[in-house]
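Please model the complete structure; the sequences and the hints are all you need to start from.
Protein chains in written order, with the working numbering: chain V, 1 to 141; chain W, 1001 to 1127.
By construction, these hints were calculated from the structure, which means they are not laboratory data.
Cβ coordinates follow ideal geometry from the N, Cα and C atoms, glycine included.
Mixed in with the good hints, there may be bad ones.
[What the hints assert, rightly or not] A partial selection of chain V residues facing chain W, derived with a Cβ cut-off under 10 Å:
1. Lys23
2. Gly29
3. Ala58
[As the list claims (entries may be wrong)] Keeping only pairs whose Cα atoms sit at most 27 Å apart, straight-line, the calculated DSSO-like set for lysine-lysine is:
4. W:Lys1118 - W:Lys1052
5. V:Lys23 - W:Lys1052
6. W:Lys1023 - V:Lys89
7. V:Lys93 - W:Lys1009
8. W:Lys1103 - V:Lys130
9. V:Lys118 - W:Lys1026
10. W:Lys1008 - V:Lys23
11. W:Lys1026 - V:Lys89
12. W:Lys1023 - V:Lys118
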Amino acid sequence: MQKTIGEIYTSNSIIIEQTQINKYAEASGDDNPIHLDQDFAQKSNFGGIVAHGMLVLAQISELLTSIFGINWINNGYLDVRFRRPVFVKDSIKSIIEITSIESINDKNEINCKVSCVKNNDESVIVGTAKIYMIYKELKGD
Amino acid sequence: MKVIFLNKKIQFNLNINSDQVNKYYKAVDHYEKNSTEKESLPFLYLLSISIKTILDRFNFPSGTIHMAQTLSNLAVQDITESSYVANAEIIQENQRTNATVLKVAFNIEKKGFGTIVKGSTTLMIPE
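See below:
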């Protein structure tokens, strides 16, 4: 598929549920009580259970995978900041915008602005991504 | 300035189990994947279990906050029962009024293959 500067891709919104956080905790081994224990989390600075940052980041990576396929998985770079916590029942979606495409040696470097936002447009993750694609793949020849 | 962690290094093994990877996919999947993507090891999974090990090995408290992340994927890997070696080093330590901010550089290698993932994790430990 041809990629052009200025293209914006948006994921479906998902609502973060405690069941998903529990599944992620089991898979990753991250059983920090801030993600799992309501009493502990309420007494913390967050005031409630928060989703793992890496669980939220996975939504951005999943969207990059859907756009760039194996090129993202095989040769991608990500630089992000976790700006706000995501709480149970928060609705989030990820947004990818292609900001530049540069030819470097035998590859094209696609630079993107990446973010994950709540349904009130508050950013929870912001950053950039780079994907390296060979010219043929970029043009879809 | 109180310096507690700077320049500390650890090395650890990551043993990949396909059942665990499938659990990870079920926890984070939102999109249909093609066959190549389904068969590849998700690098964010490698990163997730690495961060967990880093937190445990450095004895960071449960209130530690993940502030920022960089990550380079250098080579896709299949989901097979395999072992990786990770190296992590604390390369920055900054004291703030009520917290310590640490930057941890890491790389993950496959034996006989080289580095497959590298990057840095920024953590804040509230006091």
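Status of each hint after checking the structure:
no., hint, in the structure
1, Lys23, "holds (4 Å)"
2, Gly29, "holds (5 Å)"
3, Ala58, "holds (4 Å)"
4, W:Lys1118 - W:Lys1052, "holds (16 Å)"
5, V:Lys23 - W:Lys1052, "holds (15 Å)"
6, W:Lys1023 - V:Lys89, "holds (22 Å)"
7, V:Lys93 - W:Lys1009, "violated (36 Å)"
8, W:Lys1103 - V:Lys130, "holds (21 Å)"
9, V:Lys118 - W:Lys1026, "holds (22 Å)"
10, W:Lys1008 - V:Lys23, "violated (32 Å)"
11, W:Lys1026 - V:Lys89, "holds (19 Å)"
12, W:Lys1023 - V:Lys118, "holds (26 Å)"
Hint compliance for this structure: hints 7 and 10 are broken, all remaining hints hold.
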